[in-house]
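Trainee: Listed below are the residues making up each chain.
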Amino acid sequence: MVSNIAIFNSLLKGLAVTLQVLGYSVILALGLSFIFGFLSLSKWKMAKIVSHLYIEIFRGTSLLVQLFWLYFSLPILGIQLPAMLVGVLGLGLNYGAYGAVVVKTSIQAVPKGQFEASVALNMSPFRRMRSVILPQAFLIMLPTFSNLTIELLKGTSLVSLVTLSDLTFQAMALRSATMETVKIFTILLILYFIVAYPITLAFRWLEKKLSVGRG
Amino acid sequence: MNEHVAGEPLVKYRNIGKRFGATEVLSDINFDIYPGEKVAMIGPSGSGKTTLARMLMTLEKPSKGTIEVGGELLWHRNVNGRLMEANASHLRKVRGQIGMVFQHFNLFPHMTILRNIMEAQVHVLGRTKQEAKEQAVKLLKKVGLADKCKAYPAQLSGGQQQRVAMARALVMKPKIMLFDEVTSALDPELVEEVLGVIREIAEEEEMAMLLITHEMAFARDIADRVVFMADGQIVEQGAPEQLFNQPKHQRTMNFLSRFSAQSQSV
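Line by line, the protein sequences are chains A and B. In terms of our numbering, the first sequence opens at residue 102 and continues consecutively. In terms of our numbering, the second sequence opens at residue 97 and continues consecutively.
Just to be clear, a hint being listed does not mean it is correct.
To be verified - Dumping the calculated DSS-like pairs for lysine-lysine here, alpha-carbon to alpha-carbon at most 27 Å:
(1) Lys246(B) - Lys309(A)
(2) Lys246(B) - Lys189(B)
(3) Lys271(B) - Lys213(A)
(4) Lys229(B) - Lys144(A)
(5) Lys205(A) - Lys157(B)
Unchecked claim - Which bits of chain B does chain A cover? Going by a derived footprint, with three or more residues having C-beta under 8 Å, they are:
(6) 117–127
(7) 243–254
(8) 319–332
Stated by the list, open to error - What follows is a list of derived Cβ distance ranges for each label pair:
(9) Leu187(B) - Trp145(A): 26 to 34 Å
(10) Asp327(B) - Gln209(A): 29 to 37 Å
(11) Ile291(A) - Ala247(B): 40 to 48 Å
(12) Ala210(A) - Ala247(B): 23 to 31 Å
(13) Asp283(B) - Lys310(A): 28 to 36 Å
(14) Ile128(A) - Ala250(B): 47 to 55 Å
I should point out that these hints are in silico values taken from the structure, not numbers from a laboratory. Even glycine gets a Cβ: it sits at the ideal position worked out from N, Cα and C.
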């Protein structure tokens, strides 16, 4: 009989891995979102094509299969990546593709008059983006980014299938060892929620802070 | 044609045409604005007035013809006698002489009123924050909104927002300022406060002004010259008394009579 404390301890170990994967892949996804979001708005045709390809390929294929491919196919081609890196790369690339579309459409959603006013004030293209367009676009991005981050958190459970001992991996292992299915899966649900809810709150707080003065 | 014809024009439109797809909105416009001159532009909607102003602000590219500002080509560069399309840095250089106030104000909603007026001073003109703030406050006083420094645009009425937009454009010290139907989006009771500020600016400032407006009494009041446009062409222009009292063209008469009928019925 495995004690409750032992169950809890191994779940916490898994939680630490989940949070690590989440943290790194959020950073990667955010970076990719902005890079490919901007590229897709570029005047340069090649940049548009590259970002289009990236977005469609990573949105259009299954995250689980992407992880499998990175973990099981790449080694056959001679590139062996550690499980953690595979998890972060897979999640980051996949959610970065969704994020890039959010960045692109949010920038396009800023009213045209804002662009025109910044031209009339003779701002440089960089200054227009930095002072006028991006702060407004960012506010439009936030609710969707909040959703995507929580989706990403839940997506991290897939890394258990490429041998990373995250929260879900630990729970599965405990379950086969103890057969305490109800207890373990209930704790698992609660733990995911305990991570997800503060994310929602943090995004809400940020949104409120940035929308000061907007009617 | 008017008493301001002194020296070279500040703005020269030459053979300007503009099409959007198959629709021709401007055809072969030749038009000058002199330094310090206040020009009112009237005419039915869709006559091309706004497009003419937006071309000068570099928001719309002419399909043909040239525009000169202060002796320099705006949309083109002269390379060994041949006209080449201007690049972004050339546009930026010439555009600095032009300012614009829009129908829908277009204030930056995420900035306070003060920062709306400071942003371009600091990042375009390179003024220090202190200097920019002083200038901003000075202009806010001029438009009667010195107490709104810390407010955000959404907290102001339309009329107040438009006055801030004027302060924001004025602080850049353009040689010519474009007013594109700046009272059309306002509630009727707010129109007068905005017109009052424009009147004041027209009296005090040296810069040239191009006012696109449907406020006939106002145009007559402050303009040195009134231009009537219809169907993408300048039909007639002249001193306000002449154009309003003795229009030469039937088209102008029709347009003006519709307006006087309207104002009588109100």
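Trainee: None of the hints should be skipped; say for each whether it holds.
Mentor: These are the hints, each one checked on the structure:
1. Between Lys246(B) and Lys309(A) the CA atoms are separated by roughly 18 Å; this keeps the pair inside 27 Å, and the hint holds.
2. Our distance criterion of 27 Å between C-alpha atoms is broken by Lys246(B) and Lys189(B), whose separation comes to about 32 Å.
3. For the given pair, Lys271(B) sits about 25 Å from Lys213(A) by alpha-carbon distance, which is consistent with the 27 Å threshold.
4. Between Lys229(B) and Lys144(A), the direct Cα distance comes to roughly 36 Å. Violation of the 27 Å bound is thereby established for this hinted pair.
5. Note on Lys205(A) and Lys157(B): the hinted pairing holds, with a Cα-Cα distance of about 25 Å set against a maximum of 27 Å.
6. A count of 0 residues in the region 117–127 of chain B with a Cβ less than 8 Å from any Cβ of chain A is obtained; the coverage claim is therefore unmet, three being the minimum.
7. Counting residues of the region 243–254 of chain B whose C-beta lies closer than 8 Å to any C-beta of chain A gives 5; at least three are required, and the coverage claim holds.
8. Check on the region 319–332 of chain B: 0 of its residues sit with their Cβ under 8 Å from a Cβ of chain A, so the three-residue criterion for coverage is violated.
9. Hint check: Leu187(B) to Trp145(A), Cβ distance near 19 Å, so the stated range 26 to 34 Å is violated.
10. Range check, Asp327(B) to Gln209(A): about 33 Å between beta-carbon atoms, so the 29 to 37 Å window is met.
11. The beta-carbon spacing between Ile291(A) and Ala247(B), approximately 46 Å, falls within the hinted interval of 40 to 48 Å.
12. About 25 Å separates the C-beta atoms of Ala210(A) and Ala247(B), a value consistent with the hinted range of 23 to 31 Å.
13. Remark: the range hint 28 to 36 Å for Asp283(B) to Lys310(A) is upheld by a beta-carbon distance near 32 Å.
14. Between Ile128(A) and Ala250(B) the beta carbons are some 34 Å apart, a value that contradicts the proposed interval 47 to 55 Å.
Violated hints, in rising order: 2, 4, 6, 8, 9 and 14; the structure is consistent with all others.
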